[in-house]
Structures are given as C-alpha cells and as structure tokens.
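Q: What the sequence shown shows, in my numbering, is residues 957 to 1071, in sequence order.
Just so you know, the hints here were simulated from the structure itself, not pulled from any lab data.
All residues carry an ideal CB built from backbone N, CA and C; glycine is no exception.
Hints may contain errors.
Label-pair ranges, simulated between beta-carbon atoms [stated by the list, open to error]: (1) G998 with N1029: 18 to 26 Å; (2) L967 with G998: 37 to 45 Å; (3) T1008 with S1071: 17 to 25 Å; (4) R975 with Q995: 18 to 26 Å; (5) K988 with G964: 31 to 39 Å; (6) S1012 with S1070: 32 to 40 Å; (7) G1021 with G1056: 29 to 37 Å; (8) G1021 with G982: 14 to 22 Å; (9) A996 with T1024: 15 to 23 Å; (10) Q995 with V1058: 26 to 34 Å; (11) S1026 with G972: 17 to 25 Å.
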Amino acid sequence: QVQLVESGGGLVQPGGSLRLSCAASGSMLTIKAMGWYRQAPGKERELVSSITSGGSINYADSVKGRFTTSRDNAKNTVYLQMNSLKPEDTAVYYCNALLGPVYYWGQGTQVTVSS
957 QVQLVESGGG LVQPGGSLRL SCAASGSMLT IKAMGWYRQA PGKERELVSS ITSGGSINYA
1017 DSVKGRFTTS RDNAKNTVYL QMNSLKPEDT AVYYCNALLG PVYYWGQGTQ VTVSS
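Whenever a hint applies, use it, and build me the whole structure from the sequences.
A: Structure (structure tokens):
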C-alpha cells in the first residue's frame, strides 16, 4: 500500500500561482505512475496531469503551458506548479498513485481562484 498526502491548496486571485505537493509513503517500489486530478462542484473528476515512473508527463489541454508537474524522488513527492490560474481551475485537487492494478488516492486539497 501507499499513503498520499496533498498540501498547498488555498485561495488565489486570477493570474496567481500555487504549488501543490503530494507526499507518498509506504511501498514506493512498485508505483507505476502518479497523477493529479481535480473535481469541480457538479462536475466529474478529470485528469490534470500524470507522470510515469520513467518520467513521461502528460497534461490536460486546459492546463498545458500553465501547469508543470515534477517530482523529487528523494522525498517521494510529486509537485504541481500552477501558474496563470483561472477561475475555472477552482476545484478539489487529488493526487493518485498506481501500484500494480490498484489506484490509491489522497484526501484532496481545495484550490479556489477568485478575486
């Protein structure tokens, strides 16, 4: 198993920036990929970005050029740097990890973009 803890959410004005962190603990050896998802009120959860164990990164079209995913293997932590935030980025952001056939999820962190 693996435990995931997100942090870094908050309230920011449009055009501002936030950096989310996802710290993983437990069995790290078999993590195949990690991802960031978000869920806005009344909407389905959607993929924001993913990073594989080999370092391949994907982004949703809606965040390309604004969000950057990175990882620190020494700290077992994945980051989501979010720049040029828009009101439509408001959502609960979740981190997940794929171990074998099982997805593990963090508890989520709220991001609110509002003036």
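Q: Just tell me: holds or violated, for the beta carbon distance of G1021 and G982 against 14 to 22 Å?
A: violated (34 Å)
Q: Cβ-Cβ distance between G998 and N1029: within 18 to 26 Å?
A: Given a distance of about 37 Å, which is not inside 18 to 26 Å, the answer is violated.
Q: In this structure, is the beta-carbon distance linking L967 and G998 contained in 37 to 45 Å?
A: violated (20 Å)
Q: Between A996 and T1024, does the C-beta distance stay in 15 to 23 Å?
A: The hint (15 to 23 Å, Cβ to Cβ) holds, given that A996 and T1024 are roughly 21 Å apart.
Q: So does G1021 sit 29 to 37 Å from G1056, Cβ to Cβ?
A: holds (33 Å)
Q: Can the suggested window of 32 to 40 Å be confirmed for the beta-carbon pair S1012 and S1070?
A: For S1012 and S1070 the Cβ distance comes to about 34 Å; the hint holds.
Q: For the pair Q995 and V1058, does the Cβ-Cβ distance stay inside 26 to 34 Å?
A: Since Q995 and V1058 have Cβ atoms about 20 Å apart, the given range 26 to 34 Å is violated.
Q: How does the Cβ-Cβ distance of K988 and G964 compare with 31 to 39 Å: does it lie in that range?
A: violated (24 Å)
Q: How does the Cβ-Cβ distance of R975 and Q995 compare with 18 to 26 Å: does it lie in that range?
A: holds (20 Å)
Q: Within 17 to 25 Å: is that where the Cβ-Cβ distance between T1008 and S1071 falls?
A: Given about 37 Å between the Cβ atoms, the range is violated.
Q: How does the Cβ-Cβ distance of S1026 and G972 compare with 17 to 25 Å: does it lie in that range?
A: Since the Cβ atoms of S1026 and G972 sit about 19 Å apart, the hinted range of 17 to 25 Å holds.
When each numbered hint is compared with the structure, violations occur for hints 1, 2, 3, 5, 8, 10.
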